[in-house]
Amino acid sequence: MAESLLTNEAAVLPTAPRRESRIRAFWRPFVASRMGPIGLGILICVALCALLAGVIAPDGPFKLGAPRLIGPGEQGHLLGTDHLGRDMLAQLVYGARVSLTIGLVAASISLFVGVVIGSVAGYFGGWVDLVLSRLTDMFLIIPAFFLIIVVVATLGSGIGYVMVVIGLTAWPTSARLMRAQTLSLRERTFIQALRALGESGPRILFRHIVPNGIQPLIANASLDIASAILIEAGLSFIGLGDPNKATWGRMIFDGRTTILTAWWASVLPGIAIIVTVLGFYLVGDGISYVLSPRSRKVSK
Amino acid sequence: MSENPLLDVRDLQCLFPLRKGLGDLARGKSHAVHAVDTVSFQMQRSEILALVGESGCGKSTTGRLLVKLEEATGGNIRFDGEEVGSLRGKELKSFRRRAQIIFQNPFEAFDPRLTLGASLRQALRIHGIGKNQAERDDRIASVMERSGLTPVQDFLARYPHELSGGQSQRIATVRAMLLEPDFLVADEPVSMLDVSVRADILNQLLDLRDRDGMAIVFITHDLSVARYIADRIAVMYLGMFVEIGPADAVIERPQHPYAQALLSHTLPVGDEEPVAAPVDIGGEVPTPVDVQPGCRFAGRCPFVFDRCRMETPQLKATSDDKLVACHLFDQPPA
Amino acid sequence: MGRYISRQLASIIPTILLSIVLNFMLLHAAPGDPARVMAGKDNPSEEQIEAIRKSLGLDQPLPVQFWKYVKELAQGNLGQSITYKQPVFDLIMQRLPATLLLTVTSAVLALSIGTLLGVIAAQKSGRPVDSALSFSNYALFAIPSFWLGLIMIVIFSSKLGWLPTSGMRTVRADYTGWRDKLDVLQHLVLPVATLALVQIPIYFRITRASVQLQQREDYVTTFRATGIPEPRVFRRYALRNALLPTVTVFGLGLGFVFTGAALVEIVFAWPGIGRLTLDAVFRRDYPLLLGVYLVLAIAVSVAVLLTDIVYALLDPRIRLR
Amino acid sequence: MTESVPLLELQHLGVTYRTDRGQVSAVDDVSLQVPMGASIGLVGESGSGKSTIAMAILRLLPPNARVDGAVLVNGIDLTKQPDRRLDREWRWRQLAIVFQKSLSALSPVHRIGVQMHDVLRTHEPDLTESQRKDRIEGVLAAVHLPARVLRSYPFELSGGMMQRTMIALGLVCNPPFVIFDEATTALDVITQSQILGEIQRLKEEFDLTTMVISHDVGVINATTDIVAVLYAGQLMEVAPKRQFFTAPRHPYSQALIASVPRLRGTKERITGIPGSLPDLAHPPGGCRFAPRCPHATPACMEHTPPLIQIAPGHMVRCTEFSMKADQDVTA
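Protein chains in written order, with the working numbering: chain A, 498 to 797; chain B, 805 to 1138; chain C, 116 to 436; chain D, 838 to 1168.
Bear in mind the hints are in silico, worked out from the structure with no lab data behind them. Some hints could be false.
[To be verified] Below, a list of computed lysine-lysine pairs in the DSS-like style, where the Cα atoms sit at most 30 Å apart:
id: 1; chain 1: C; residue 1: K183; chain 2: C; residue 2: K200
id: 2; chain 1: D; residue 1: K1040; chain 2: D; residue 2: K1078
id: 3; chain 1: C; residue 1: K239; chain 2: D; residue 2: K938
id: 4; chain 1: D; residue 1: K917; chain 2: B; residue 2: K1120
id: 5; chain 1: C; residue 1: K239; chain 2: D; residue 2: K917
id: 6; chain 1: C; residue 1: K296; chain 2: C; residue 2: K274
id: 7; chain 1: D; residue 1: K970; chain 2: D; residue 2: K1040
id: 8; chain 1: B; residue 1: K897; chain 2: B; residue 2: K872
id: 9; chain 1: B; residue 1: K894; chain 2: B; residue 2: K935
Generate coordinates for the entire structure from the input sequences, incorporating the hints supplied.
Encoded structure:
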């Protein structure tokens, strides 16, 4: 073979890269964020309660027969009973299932729709960008809660509808974030190089731009999950939640009138919501700490 | 003007429309940035042409037009006799295989989430080069060895952030070479690298010209680098060629006032005496928006006279085997 | 500047048009026959339904109906409320002031407190004060507004008896003049406090992130090098640059606050749009529901436009381009 | 030259950054004297620590930086002074700095005049409004800028005009010592050479002592009379400019100058320096240039050679010279 091009010897490698595995490279700054692990701990507990609901409360959330409004710890009911004598703990754990599913499903819908609309608008530009951006602005501006109420009232308030509707009104923030990421990535050298190499547009968009641009959206997704849970609780509170599901919002509504005498009926589900939503915020904070430049080493 | 040049560019033009406010729509006025305005030149194989100019002169845009990363708004480009402007789909893809580009920023040349091996294999897969993985890896290994990037396997396993600037730029050139192009645009490939590391890249390009017969358009703002690497130099100002000719003729005997100014202001190293008497041109580079007729350098040229403000000078042959666009050199016979 | 505002205006108009189209589609997506729905629950006779169908022109092709619908809208005619038998527009206009009083006061309160806390947290970033403030803001942001309302009523009305539990005025006493204003103020305290508390984290997070970003800008290093003491560099330059994003968020924040307001109005029986909407939901009063949604969409669009204009005035880079 | 106290002296200056990848020693044992009226050039490539030195002098390093050694201005060690006193007595009064990125060097939402007045008012509060106005318009005129610059915002000026503004700002309190940290790197060829010419003229007019920091040997050649070469945080050679460009003694200096393509003379193939920068989180023992040095010997790898004087005003840090020096002593 032709002798090596360079007159001097082969390029000396910088010291062998001590490469952290991808997981450790994520985990170390995530723990350093202090808030992240706390959030993760909370979410693991809530998830366990939701998964083990069948074990914790085998008879389900709506079992009647127990005396009404007995306090936490009385007569074997760890957290007492509500105005119909239904066990509070059972309702809370089954309520956890509803909240987590709605949060996760709604957030993944909004993430998926946001990524697709944002990346397509950002990459192709022109009138495509114009139409999609106006659509995004519209959803961003209208008060989502009222739109959800209208749609749920017209189409029905099954948990499926609620999830889809919340998802379909929460995507603008992710779309805007993804569009900004796509616009900046599109000008980056490695994307220009791929275009020059002849790689096809869609493949560049979905195999290179989206994977590189999606990180901040993951941190944002945790906020979407949290707001989905809060919106669902609001819907249930005003009676638009899924009637045949135990939801935290409805528990607060039911306990409203007897709050002075039986505080736990409304207070406990409220605390459950706060703890779960807080868990998602803290995990989100931890993820964005990992992604922020601050955690990278100071060079020069 | 040889008969069938590899690359034949005629009156190339690229205008970027400025966002129209409602006011402009009403008045029907449209503003456009004249990034590249009627640029013409030819290129043979085994030749390096340097495009030299300050920021905003359109040298990068010209480079991107040549590999169709930008759409020209005027003029035409013939590559090996074939009109590039109308290429679409499969023809465009086969053109891309023969005309490649490397960029200024080596640290962002590769997708940060892929190893270098994956990025290089992707380049081959796009054009279906090599029947199977093994053959593709052999191709990659041989080109890597020729560029002195050994041990090959160690480089291929790395991620882009685990490389120095110089190494990244050399592997970016390797990726371009994998497609065995005939033509390469090098858009300021060394300006972000430390001086001590530039030699490898410049020598790599010189060897591509000498060994592979590559035609290279080398874009830079540094005349010393242009002198080292180029056979011919074209000096650009505000989207137009003002002087083009053999490298030594342009460096030692610049004729266009702007070329002289650029040379006289290039900082000497050590005790070299300055190249030319300092040509003092005032003011700043004007913005190329809604450019008026006449010579664009008129506002800053110490030798300006009335004809300069009315008529845009064309590239005219001068004694020294050069073309210069300046009325000082195309005086009508007195 | 003019070009910037004309561009913003140009983007608001299609947005409102799009929401009108969405509105019209939702009207027709209602299950069953809109005419029957419009006729209301107490099983009207076939002729009545037919009359309504004809009066609403539902028998004509959709585009014609849409055009008629838009023409009606242009004159502010949002249709007839089924339950109140009054024009939807008037109903809304009666209730809107109460909602605006609640939302604007709480938004301004939240903006000032949230921004102040954000600045403090950013200045002491990394130290215990910052983590405490950040954590408590996350917690505050996690509290459902309606639940917080209940707790506020229990503590400040029932237990301490300082403030009235609900409504906008004491029912029996018909005060006038400033005494009436004082009465409304007393009723306003708890709902505004609830709604403000839930919004503070929005402005806290934006301000804190923006201030931290500005502190890393080159001009801060320049001024520190010129010997201007750090607090003065922060007050005069970093803060002024940092508060710009908070202004834009205020416009969008109004969209969020209407959600919170609806729930808070229900908990505090505040006579605003929220309660009106709730009744409309249970009585399937579509014209009223869609009317509320449309009015709010336009209100928020106008608010966003106003904040964009304020932002353009504050930032010379936009004002002078 | 009478033995006067140097305007600026660095004594074994060292800077270490605490990062999550460990301790990065960005500057290691730099000692340098800058006599009054001199203009010293600090030349070094990326990662050489030249900007870190400038920030260490003005004590503007980020919180995760630890500084060892002393920074003496007129014999007083700044590292020992409380920050408040630095603000009142040294920063901008004794030493000023012009940074590379001029377009973001001032606040984008304040007019330039407002910001310049603020700086002047901080240091000379007793000046009246009109006295301040004259002083500021005076320094603007010195860099050929029209007074209308005061009414404009930073985004309204070109790179060249903004950098001239920052030079004017640097002169407004007439400090005796001005540092130019890659001040013309972001500018075009012609604008850069014009501004470098102006800096030379201002040096006489305001009789300044200057430190020019750059990676470009052309800039150093045009503006300095003493050259200090930095590599990976270590000072490799200090020499008068003529000496440095005609007969550099340190292998790194020689290789650096050889890698620069010239506008004149024969066109021979340049070789550059193979290999790449050491990882400063785990600096190699001994001389940091040894892994890439063509004359490296095992001795270079063991211990870091000291900076020794081989001629008046000419210092070199290289085992070859320190060994020769030991032989002379023992011979």
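Against the structure, the hints come out as follows:
1. C:K183 - C:K200: holds (21 Å)
2. D:K1040 - D:K1078: With Cα atoms ~17 Å apart, D:K1040 and D:K1078 stay inside 30 Å; holds.
3. C:K239 - D:K938: Holds, because 28 Å separates the two Cα atoms, which is no more than 30 Å.
4. D:K917 - B:K1120: violated (67 Å)
5. C:K239 - D:K917: Roughly 25 Å separates the two Cα atoms, so the pair holds.
6. C:K296 - C:K274: Given that 30 Å is the threshold and the Cα spacing comes to 25 Å, the pair holds.
7. D:K970 - D:K1040: Holds: D:K970 and D:K1040 sit about 23 Å apart, inside 30 Å.
8. B:K897 - B:K872: Roughly 11 Å between the alpha carbons, so the hint for B:K897 and B:K872 holds.
9. B:K894 - B:K935: holds (19 Å)
The structure fails hint 4 only (numbered hints given earlier).
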